[in-house]
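Letter by letter, the chains look like this.
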Amino acid sequence: GAVVSQHPSRVICKSGTSVKIECRSLDFQATTMFWYRQFPKQSLMLMATSNEGSKATYEQGVEKDKFLINHASLTLSTLTVTSAHPEDSSFYICSAQGGGRGWGETQYFGPGTRLLVL
Amino acid sequence: GDSVTQMEGPVTLSEEAFLTINCTYTATGYPSLFWYVQYPGEGLQLLLKATKADDKGSNKGFEATYRKETTSFHLEKGSVQVSDSAVYFCALESNRDDKIIFGKGTRLHILP
Numbered sequence: 275g276a277v278v279s280q281h282p283s284r285v286i287c288k289s290g291t292s293v294k295i296e297c298r299s300l301d302f303q304a305t306t307m308f309w310y311r312q313f314p315k316q317s318l319m320l321m322a323t324s325n326e327g328s329k330a331t332y333e334q335g336v337e338k339d340k341f342l343i344n345h346a347s348l349t350l351s352t353l354t355v356t357s358a359h360p361e362d363s364s365f366y367i368c369s370a371q372g373g374g375r376g377w378g379e380t381q382y383f384g385p386g387t388r389l390l391v392l
Numbered sequence: 005g006d007s008v009t010q011m012e013g014p015v016t017l018s019e020e021a022f023l024t025i026n027c028t029y030t031a032t033g034y035p036s037l038f039w040y041v042q043y044p045g046e047g048l049q050l051l052l053k054a055t056k057a058d059d060k061g062s063n064k065g066f067e068a069t070y071r072k073e074t075t076s077f078h079l080e081k082g083s084v085q086v087s088d089s090a091v092y093f094c095a096l097e098s099n100r101d102d103k104i105i106f107g108k109g110t111r112l113h114i115l116p
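Order-wise, the sequence lines are chains R and C.
What the first sequence shows, in my numbering, is residues 275 to 392, in sequence order.
What the second sequence shows, in my numbering, is residues 5 to 116, in sequence order.
Take these hints with a grain of salt, some might be off.
[Unchecked claim] Keeping only pairs whose Cα atoms sit at most 20 Å apart, straight-line, the calculated EDC-like set for lysine to aspartate or glutamate is:
1) R:LYS315 / C:GLU12
2) C:LYS56 / C:GLU19
3) C:LYS103 / R:GLU326
4) R:LYS329 / C:ASP102
5) C:LYS108 / R:GLU296
6) C:LYS81 / C:GLU20
7) R:LYS315 / C:ASP88
8) R:LYS288 / R:GLU333
9) C:LYS103 / R:GLU337
10) C:LYS72 / C:ASP59
11) C:LYS81 / C:GLU19
12) C:LYS81 / C:ASP59
13) C:LYS103 / C:GLU80
14) R:LYS338 / R:GLU326
15) C:LYS103 / R:GLU333
16) C:LYS53 / C:ASP101
17) R:LYS315 / C:GLU46
18) C:LYS64 / C:GLU19
19) C:LYS81 / C:ASP101
20) R:LYS340 / R:ASP362
21) R:LYS338 / R:ASP362
22) R:LYS329 / C:ASP101
23) C:LYS53 / C:ASP102
24) C:LYS56 / C:GLU67
25) C:LYS53 / C:GLU19
26) C:LYS60 / C:GLU46
27) C:LYS53 / C:GLU20
[Stated by the list, open to error] Here are some, though not all, of the chain R residues that point toward chain C, as calculated from beta-carbon distances under 8 Å:
28) PRO314
29) LEU318
30) THR354
These are computed hints drawn from the structure, not numbers from a lab.
A virtual CB, placed ideally from N, CA and C, is assigned to each residue, including glycine.
Using the sequences provided together with the hints, build the complete structure.
As structure tokens, then:
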């Protein structure tokens with residue numbers, strides 16, 4: 275099946291710094307990528323949807339200036355957590371969807387990035 | 005809006021026991037339904053899926069049938085193993101957009 279990678283897998287940073295997380299589709303072109311956030315023992319919550327070459331669409335309640343998403347190519351999307359604070363500590367997961375068939379195309383999930391802000 | 009409700013955990017079973025994790029959904033139209041599994045410290049993996057009513061998804065001994073009349077997609081396995089210990093998420097994908105809506109997850113512990 276399709277493979278999606280995330281880097282880094284784990285990051286610890288100081289409060290006030292910015293952290294960039296990469297999501298790559300390794301063997302297919304991802305026209306759409308999704309970013310999720312998962313709190314401990316909670317479900318995944320969709321943060322934003324990004325289509326290659328266009329601005330991301332953020333879910334209600336997600337600060338777009340804090341969580342910057344760039345989908346510059348068909349195989350790479352990045353999520354930058356700007357001026358991170360301890361409450362931003364979470365597990366961030368991306369998924370990628372491609373093939374151009376739109377609805378019904380399977381989303382493939384990355385392994386996740388655990389962010390800890392001290 | 006669309007939603008997914010699954011039984012709360014944790015669920016603790018002995019090895020070789022029969023497993024059922026209930027999942028019901030609310031959606032307009034005809035969503036696709038999924039079960040994802042998350043092993044400790046790892047990301048989500050698609051376990052199985054069904055895209056239309058009466059379809060049965062199956063993988064690794066797990067099964068789930070898309071029941072439109074009861075809006076359910078219960079996960080079953082006849083004989084669980086210790087290695088099945090994980091968190092299981094039921095999810096749907098709307099036919100109106102590509103968003104996946106997840107249930108809250110059910111943590112499964114299998115005792116040897």
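Status of the hints after comparison with the structure:
1. R:LYS315 / C:GLU12: Status holds; Cα separation ~11 Å.
2. C:LYS56 / C:GLU19: Violated, at roughly 32 Å.
3. C:LYS103 / R:GLU326: Holds. LYS103 (chain C) to GLU326 (chain R) sits at ~16 Å (cutoff 20 Å).
4. R:LYS329 / C:ASP102: holds (16 Å)
5. C:LYS108 / R:GLU296: violated (26 Å)
6. C:LYS81 / C:GLU20: holds (9 Å)
7. R:LYS315 / C:ASP88: holds (18 Å)
8. R:LYS288 / R:GLU333: Roughly 26 Å separates the two Cα atoms, so the pair is violated.
9. C:LYS103 / R:GLU337: This hinted pair holds, its Cα atoms lying about 19 Å apart.
10. C:LYS72 / C:ASP59: holds (10 Å)
11. C:LYS81 / C:GLU19: Roughly 11 Å separates the two Cα atoms, so the pair holds.
12. C:LYS81 / C:ASP59: holds (17 Å)
13. C:LYS103 / C:GLU80: Violated, because 25 Å separates the two Cα atoms, which is more than 20 Å.
14. R:LYS338 / R:GLU326: holds (17 Å)
15. C:LYS103 / R:GLU333: holds (11 Å)
16. C:LYS53 / C:ASP101: Roughly 17 Å between the alpha carbons, so the hint for LYS53 (chain C) and ASP101 (chain C) holds.
17. R:LYS315 / C:GLU46: Holds, because 13 Å separates the two Cα atoms, which is no more than 20 Å.
18. C:LYS64 / C:GLU19: Holds: LYS64 (chain C) and GLU19 (chain C) sit about 15 Å apart, inside 20 Å.
19. C:LYS81 / C:ASP101: violated (31 Å)
20. R:LYS340 / R:ASP362: The given pair, whose Cα atoms are some 10 Å apart, holds under the 20 Å limit.
21. R:LYS338 / R:ASP362: The hint holds at about 14 Å.
22. R:LYS329 / C:ASP101: Measuring from Cα to Cα gives roughly 17 Å; hence the hint holds.
23. C:LYS53 / C:ASP102: Holds, at about 15 Å.
24. C:LYS56 / C:GLU67: holds (15 Å)
25. C:LYS53 / C:GLU19: violated (25 Å)
26. C:LYS60 / C:GLU46: violated (26 Å)
27. C:LYS53 / C:GLU20: Violated. LYS53 (chain C) to GLU20 (chain C) sits at ~24 Å, over the 20 Å cutoff.
28. PRO314: It is violated, given that the least Cβ distance between PRO314 (chain R) and chain C is near 11 Å, above 8 Å.
29. LEU318: Holds: closest Cβ of chain C sits about 5 Å from LEU318 (chain R), inside 8 Å.
30. THR354: violated (20 Å)
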